[in-house]
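Asks: In order, the protein sequences belong to chains D and S.
If you count the first sequence from 1, you need to add 1438 to reach the working numbering.
If you count the second sequence from 1, you need to add 745 to reach the working numbering.
Hints may be right or wrong, so weigh each one.
Unchecked claim - Below, in silico cross-link-like pairs of lysine-lysine (DSS-like), each with a Cα-Cα straight-line distance of 25 Å or less: (1) S:K898 x D:K1490; (2) S:K839 x D:K1490; (3) S:K972 x D:K1562; (4) D:K1541 x D:K1581; (5) S:K972 x S:K797; (6) S:K874 x D:K1541; (7) S:K898 x S:K797.
Claimed, not checked - Ranges between beta-carbon positions, derived for each pair: (8) S:K876 x D:E1529: 21 to 27 Å; (9) S:N880 x D:R1678: 50 to 56 Å; (10) S:N880 x D:P1542: 25 to 31 Å; (11) S:V850 x D:A1547: 52 to 58 Å; (12) S:V850 x D:K1724: 56 to 62 Å; (13) S:V1050 x D:V1696: 19 to 25 Å.
Read the hints as simulated data drawn from the structure, not as lab findings.
Bear in mind that the values here come from a model prediction, so they are computed numbers and not experimental data.
The C-beta atom is built at its ideal place from N, Cα and C for all residues, glycine as well.
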Amino acid sequence: MKRFICILFLILFIAHSAVAELDIGMTIPLKSLDVYQPDRLVAGVEWHERGKVTLNNTGDIPIQDVEITLVVPLHMNVTLPDQAFTDIRVEDDRVIVRIEEIKPGESSAFFFAVMPPDSIEFRKTVSFSISVKYKDSAGIHTKEYSHDVEIVPPPSWITYGTILASILLIFIVFIVARKFRVLEMFTTIDLITIALLAALIGIVFRWFWQTFNDLLGPLGGLLFTIPTAVLMIAALQLVRKPGTATLLFTVVELVAMVVWGTNITIWLGWYMGEGLVVDALVLLFKRDYGDRRSTAMIYGVARSAFSYWAFYFLFAPAIWKVYYAPWYAWTEVGIACIGGIIGGAIGYDIAKRMRGAVL
Amino acid sequence: MAAQHLGDRMRIIAFIILMMLVPSVSAGEWRGEGTPLYIIAEGKIHGGVLVKGGHGYTMENPYEEYFELPEGIEYARLYVPMWNYNDDDWLEVKINDESLGRRSVPDYVAAWGVASYAYPVTGKVSAGKNKVSVNYYNKNGGPYSIVLIAVYKNATLPQTRFWISEGNNALSYVTKKDSAELVFSGEIPKDVKKATLWTMIIAGTEGEIDYLYFNSNLLGKDVGRSKSGAYFDLDRWDVKEFLSTVNNTVRFERGDEIYIHPFNAVLAVEYQHERGEDYLEIKDQSASKGRGIPFAVMVVLVGSVIFFVYRSRRKK
Chain D
1439 MKRFICILFL
1449 ILFIAHSAVA
1459 ELDIGMTIPL
1469 KSLDVYQPDR
1479 LVAGVEWHER
1489 GKVTLNNTGD
1499 IPIQDVEITL
1509 VVPLHMNVTL
1519 PDQAFTDIRV
1529 EDDRVIVRIE
1539 EIKPGESSAF
1549 FFAVMPPDSI
1559 EFRKTVSFSI
1569 SVKYKDSAGI
1579 HTKEYSHDVE
1589 IVPPPSWITY
1599 GTILASILLI
1609 FIVFIVARKF
1619 RVLEMFTTID
1629 LITIALLAAL
1639 IGIVFRWFWQ
1649 TFNDLLGPLG
1659 GLLFTIPTAV
1669 LMIAALQLVR
1679 KPGTATLLFT
1689 VVELVAMVVW
1699 GTNITIWLGW
1709 YMGEGLVVDA
1719 LVLLFKRDYG
1729 DRRSTAMIYG
1739 VARSAFSYWA
1749 FYFLFAPAIW
1759 KVYYAPWYAW
1769 TEVGIACIGG
1779 IIGGAIGYDI
1789 AKRMRGAVL
Chain S
746 MAAQHLGDRM
756 RIIAFIILMM
766 LVPSVSAGEW
776 RGEGTPLYII
786 AEGKIHGGVL
796 VKGGHGYTME
806 NPYEEYFELP
816 EGIEYARLYV
826 PMWNYNDDDW
836 LEVKINDESL
846 GRRSVPDYVA
856 AWGVASYAYP
866 VTGKVSAGKN
876 KVSVNYYNKN
886 GGPYSIVLIA
896 VYKNATLPQT
906 RFWISEGNNA
916 LSYVTKKDSA
926 ELVFSGEIPK
936 DVKKATLWTM
946 IIAGTEGEID
956 YLYFNSNLLG
966 KDVGRSKSGA
976 YFDLDRWDVK
986 EFLSTVNNTV
996 RFERGDEIYI
1006 HPFNAVLAVE
1016 YQHERGEDYL
1026 EIKDQSASKG
1036 RGIPFAVMVV
1046 LVGSVIFFVY
1056 RSRRKK
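Here chain D stands alone, though its shape is the one from the complex (with noise of 0.2 Å):
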């Protein structure tokens, strides 16, 4: 019984005697993670990424003497930004920081900036290795950490690709179009007609866009998916010639590089793409160019849906070496194709609107 009791005592001591834990974590790049991607960087960007190092004590007695030593892989040139603490150097591949101590409940953190490689042949995961020396009433012990970042080639062999797709799709529809003579096919209204609503595409709804996106928070795509989802049946119907779509997007692209200086190297095979996703479709559902309520949603949702996803995964990394968290991503091409829904039932009302007028 005596053995019993004991035992029940020791094991009572021992739960709530005083112990030190430390939680390490480690946040890279430094940025908002409701938009961009957490632990990725782009080979080749000009800047260094900022990262930081966070340490909590979670334990209930402080834990002092505290050295950490954070190792970069890859050989990234390190830099340190002014920051709060003043026991903070660079050795080699090395960070290493001294903390006094750090009170039961506390947390301490410390800011690096990290270049990533100017190139690397494929995606890769390297891992950043924290090594933490800290002292308690128990003694001295030792917590190691690694974190797992994904460096990313540069995108400039991803831009280069993006081009060179841009200039091949360019030379397939020009081609396309001269074999089938599809441009002798539209008359000269409906040209001018084609440039009208493109000019309203790229000039006037893009300004209306850039300027009032804010009015909607994260809808605020909708101001520009909607109009040109309706824009986009109207001259569909209008003109009611195959590849009209391709031409539309085409021309918004080319009176964007007059008016706004967007580079027609990189952006044209991303226009010129979403032309040909309904321009297909059209073909597909048999020339039926919107005159149903249903077709002219499917565009409209189809419209959005490739070019925000082309946006997003293909040409914000390739161009602005930018890579969004897969959520944000997803939910800007899903705010897109309600857009594109909505723009394509009001396309229809309006275009059927519009024939009836002009016929």
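Position chain S relative to chain D; hints supplied.
Replies: For chain S alone, coordinates are given in the frame of chain D:
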């Protein structure tokens, strides 16, 4: 039937006009080409000039930057360049946890809402570490950086003549404005120890080649390429060899950049020999100007309305 056609046309025209009416009840708009750089402060001091800042567009909120400063700050001005300004936005800057108040109106704004908030912070910053944090409300934007320009006094150092400029000048394809120039007016002696120019540029893009000149000497190509952080370039140039004894000039050329915004240029010339008394002259701040609907938007709208009305009448 005629009434039906008239109704259809009216609906189409009403749709376009409705779209035009929304801006009049709304906040944002094209902000024009902004404010050319101008001298906000100049003087002579036994001491030096510091220009520091970081760290690019990240959408962090709060956005933080630390500044290590020497003793004897005589003049300090803080800048928070901001992307996507709209009228309902706000921004609150804290220095060492002391709030400078909440503001909704930037000092300079240009293009599609590239804004700059400037704060006189002499007396707010102190020697040693200074933590500056920015909390903000901006639905689709955020700070490009936090930049501090400070002039400090140190009687043991040589005399330095300095000029501090600020503004927000949109050199852009849209406005067809291709260059901006700033003159650091005044005479300086031939025998100087050092001459340093700092430039701060927003929205530069790598590969779109811009040019920076000092007294017609090329300092750099593709200077605006996001090397100090996304869309942010803070550079320091040794310009001693290009220095003129009167009216030195810095010139920003847009080159291939579609948009580039010079925000600051600071020149500090360290004298070999003392010349006259120290002084500090703080100038009046310029008001931001230029807003409205781009001309092309109006032309296309009017052209479209005329054409579609004509087309419908012709078919009838």
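Asks: If you test the structure against every hint from before, which numbers come out violated?
Replies: As far as the earlier hints go, 1 and 11 are violated by this structure, in ascending order.
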